[in-house]
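Given chain C's structure and the hints, the job is docking chain S onto it.
Protein chains in written order, with this note's numbering: chain C, 1 to 211; chain S, 1 to 397.
For the record, the hints were derived by calculation from the structure and aren't laboratory data.
Ranges between beta-carbon positions, derived for each pair:
no.: 1; chain 1: S; residue 1: S161; chain 2: C; residue 2: L55; range: 26 to 32 Å
no.: 2; chain 1: S; residue 1: T227; chain 2: C; residue 2: L167; range: 15 to 21 Å
no.: 3; chain 1: S; residue 1: P51; chain 2: C; residue 2: A81; range: 36 to 42 Å
no.: 4; chain 1: S; residue 1: G254; chain 2: C; residue 2: L98; range: 39 to 45 Å
no.: 5; chain 1: C; residue 1: G168; chain 2: S; residue 2: G41; range: 40 to 46 Å
no.: 6; chain 1: S; residue 1: D290; chain 2: C; residue 2: L55; range: 47 to 53 Å
no.: 7; chain 1: C; residue 1: A81; chain 2: S; residue 2: G41; range: 20 to 26 Å
no.: 8; chain 1: C; residue 1: D162; chain 2: S; residue 2: T227; range: 19 to 25 Å
no.: 9; chain 1: C; residue 1: L167; chain 2: S; residue 2: L185; range: 34 to 40 Å
no.: 10; chain 1: S; residue 1: F85; chain 2: C; residue 2: R149; range: 33 to 39 Å
no.: 11; chain 1: S; residue 1: E36; chain 2: C; residue 2: G180; range: 47 to 53 Å
Just so you have them, the derived chain S footprint on chain C, three or more residues with Cβ under 8 Å:
no.: 12; segment: 47-54
no.: 13; segment: 84-90
no.: 14; segment: 160-174
Covered stretches of chain S (in silico footprint by chain C; criterion: 3 or more residues with CB under 8 Å from a CB of chain C, positions within the stretch not fixed):
no.: 15; segment: 31-45
no.: 16; segment: 202-211
Please read these numbers as outputs of a predicted model, since none were measured by experiment.
In this text, a Cβ means the ideal position worked out from N, Cα and C, and glycines have one as well.
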Amino acid sequence: MNARSPSRIRAVRRRIATTVRRWIAAHHGGDLRRLPGAVCRRIAAHYGADPLHLLALLACFALAGYAASRVVAAGIWVGFAVWFIGSAIVHDLVLYPLYALADVAVQRRPWARRRPGPHVRWRPWINYLRVPAGLSGLLLLVWFPLILRQSEETYRKAVGLDTSPYLGRWLLVTGVLFAGSALAYALRLRSAASARRGPRLRHRPERPRRE
Amino acid sequence: MFGAVLLIGLTLIAITGLLSYAAYDPRLAGNDLTPEKGVLGFYLFDWPTHPVWLYRLSQAVHVILGVTLVPVLLAKLWSVIPKLFDWPPARSPAQALERMSLLLLVGGAVFEFVTGILNIQLFYVFPFFYPAHLYGAWIFLAAFVVHVAFKLPRMVSALRSRSFRRELRTGLGDTRPEPPDPDGLVAVCPGEPTVSRRGLLGFVGGASLTLFGLSVGQTMDGPLRRTALLAPHGREYGPGPNDFQVNKTAAAKGITARDAGPGWALELVGLRRMRLSRPDLLAMPLYTYDLPIACVEGWSTRQRWTGVRLADLARLAGATPGIDEVFVESLERGGVFGHVTLSARQVADRASLLALRVNGADLSLDHGFPARIMVPNAPGVHNTKWVTRLSFRPARP
Chain C
1 MNARSPSRIR AVRRRIATTV RRWIAAHHGG DLRRLPGAVC RRIAAHYGAD
51 PLHLLALLAC FALAGYAASR VVAAGIWVGF AVWFIGSAIV HDLVLYPLYA
101 LADVAVQRRP WARRRPGPHV RWRPWINYLR VPAGLSGLLL LVWFPLILRQ
151 SEETYRKAVG LDTSPYLGRW LLVTGVLFAG SALAYALRLR SAASARRGPR
201 LRHRPERPRR E
Chain S
1 MFGAVLLIGL TLIAITGLLS YAAYDPRLAG NDLTPEKGVL GFYLFDWPTH
51 PVWLYRLSQA VHVILGVTLV PVLLAKLWSV IPKLFDWPPA RSPAQALERM
101 SLLLLVGGAV FEFVTGILNI QLFYVFPFFY PAHLYGAWIF LAAFVVHVAF
151 KLPRMVSALR SRSFRRELRT GLGDTRPEPP DPDGLVAVCP GEPTVSRRGL
201 LGFVGGASLT LFGLSVGQTM DGPLRRTALL APHGREYGPG PNDFQVNKTA
251 AAKGITARDA GPGWALELVG LRRMRLSRPD LLAMPLYTYD LPIACVEGWS
301 TRQRWTGVRL ADLARLAGAT PGIDEVFVES LERGGVFGHV TLSARQVADR
351 ASLLALRVNG ADLSLDHGFP ARIMVPNAPG VHNTKWVTRL SFRPARP
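Bound-form chain C, shown alone (with noise of 0.2 Å):
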C-alpha cells in the first residue's frame, strides 16, 4: 500500500477542500463561497456574520442616528430618549413578569378548597379564566386613559363630552366576558358529562316487559 501516493494526496486535499467549505458554509449562511476575495472571508471570520449583514446594519444605523440626530435638534431627546428605552423594556420586564406571576398564581390556587375526591375529575379550567380575564386586562392596558379618566380635562376642552361612560363600558365588557366563559365551561362540562354517560345509556339492555 503506498499512502503517498499522487492520488491519494489529491483525495486528502479534496477532502480537507470539502470540510472547510462545508464549515464555511455552516458557520456564515453559505453565501461566502459566491463573494470575491479574501477579505470578505477575513471579514467574515471575526465579524461572524456575512459582510452583507454588517452592511445592512450599518445602513439601518445611519438612518436611525439621523432620526435620532433630528430628536436632539428638535429639543426633545431627553423626554424621547425616557419614553423609547422604557418603552423598549416595558413589555419584557414589566407587563410580562406580571401577567407570568398572575397564571402561576392562579394555576397553584393556594386560596383553592380542597378537592371534593379523587373521584371528582374537573375539566381544564385555566383557560376558561385567561381568556376573559387577558382581553378584559388588554382593554384596560389600550383604553386605561379613558377607563379611568386620565385625560379628563383635554377631552371635555376636545370633545365636548365627558369621559365618564368608558369606566361602566369596560366593566360591562368585561361582565360579558367572563359569563360567556362561564357560560362555555358549563357547557363543556355538561357535554363531558352526557359523553361519559352517553354509551352506557345506549347500550343498556332493554328491561323485560313485565305482562
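For chain S alone, coordinates are given in the frame of chain C:
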C-alpha cells in the same frame, strides 16, 4: 405566524402613516411644524382632493389597525422573550450589532404604539407627540427593514414546518412541544401544555377582533357607530343636525358667541381686499356636498355641508383658482392648528367650501360657526373652524 401578521400589518401602518404626513401638505407654509425635520420632512406630491374618502380610509387603517395589532405585538414579544436573557449577550460582533438593532426594533415598535394610542385618547403625558411619533417611526422602520431582511427566510421556513390546517385540527391532547430550533427560542424543559397552538392563535386573534370590534365604529356612520364602545371618538351627541363628533370645542379655543356674532366678517385678501358678512356670503351661490371629516386620530363621519366655493371667493379677491393657494386663519386663540395653507389644487376643487350650514341647519358654534373650511379628502384639522381671514397668494412652483 405573529411575525407574518406583523410584517403585513406594520407595513400597512407605515404606509398609511407616511400618507398621513403627506396629507398635511408639509411643503406649504405653516402646515408642518415638526422642528428640525431635515430630509425626513420630505415632500412627495400635492395631496389630492379625490377620492374624497381616501384620507378617511387610510387614517382609519393607520389607527384602527394599530389598535387591532396590539395583541399580536404583545404575543410576538412574549414568544421571543427567552432571547432577552440570552447569555453571553453576544458571541460575535455581528450578534452584538444585531441585538442593538433589536433594541431599536422593539423600542421603536412599542414607542410608536404607546405614543399613538395615548395620543388618540388625548392623554398628553408627553408634550411632543408629532415630532416624536414621526422620528420614532423612522428609527423603527430602519430596524424593521433590516430585521425583515434577516429573518424572512427563517419565518418562511417556520411557517412551512407545520401545516396550518393540521394545527387547526390539533387539540390540546395532541399538542407536543416544539422541536429544538437554531435560535434557541424553544424551552429546554417545557411544562405540560395548557393551551394548543390553535388555542393560542384563537386567543390572540380573538383579542384583536375584540379591540377591532369595539373601536372600528368610530370610523363609520349610521347605527354601526354605536358599536364603538371603547373608542375615544365614537360618541353620540343627539339627534340634531349638528349632533356629530366634535374634537375642538369653541370654549377650549376661547371663541365666544360675541366673536361669532353679527360683528363677524370674513376678510378676503388678494389683489383686492374686502370684508364679507355672513348675509353677504349666504347671498352668494351656495353648493351642497356630502363630505367626510376624517381626523388624524382615526375617527371620521360624513355630513352634508352647504357653503360658498373657495374658488368663487378666490375670484372675488382677484386670485386665480388653480394657480393661487390660500392661507386660512381662524379666530382660535392658542394651539398650532389655528391656521393652514391649502394648496392651489384644494382651492380649485368644486367641492372645496367655506361651509356655512350643515345638514340643512346653521353650523353650531362647536362646529365652526359662522364659517368653516370643508375640503374634500383633507385631514380634519385642515378644515379650519371659525374662519376670519382668507389670504390668496400664488403657489410656489
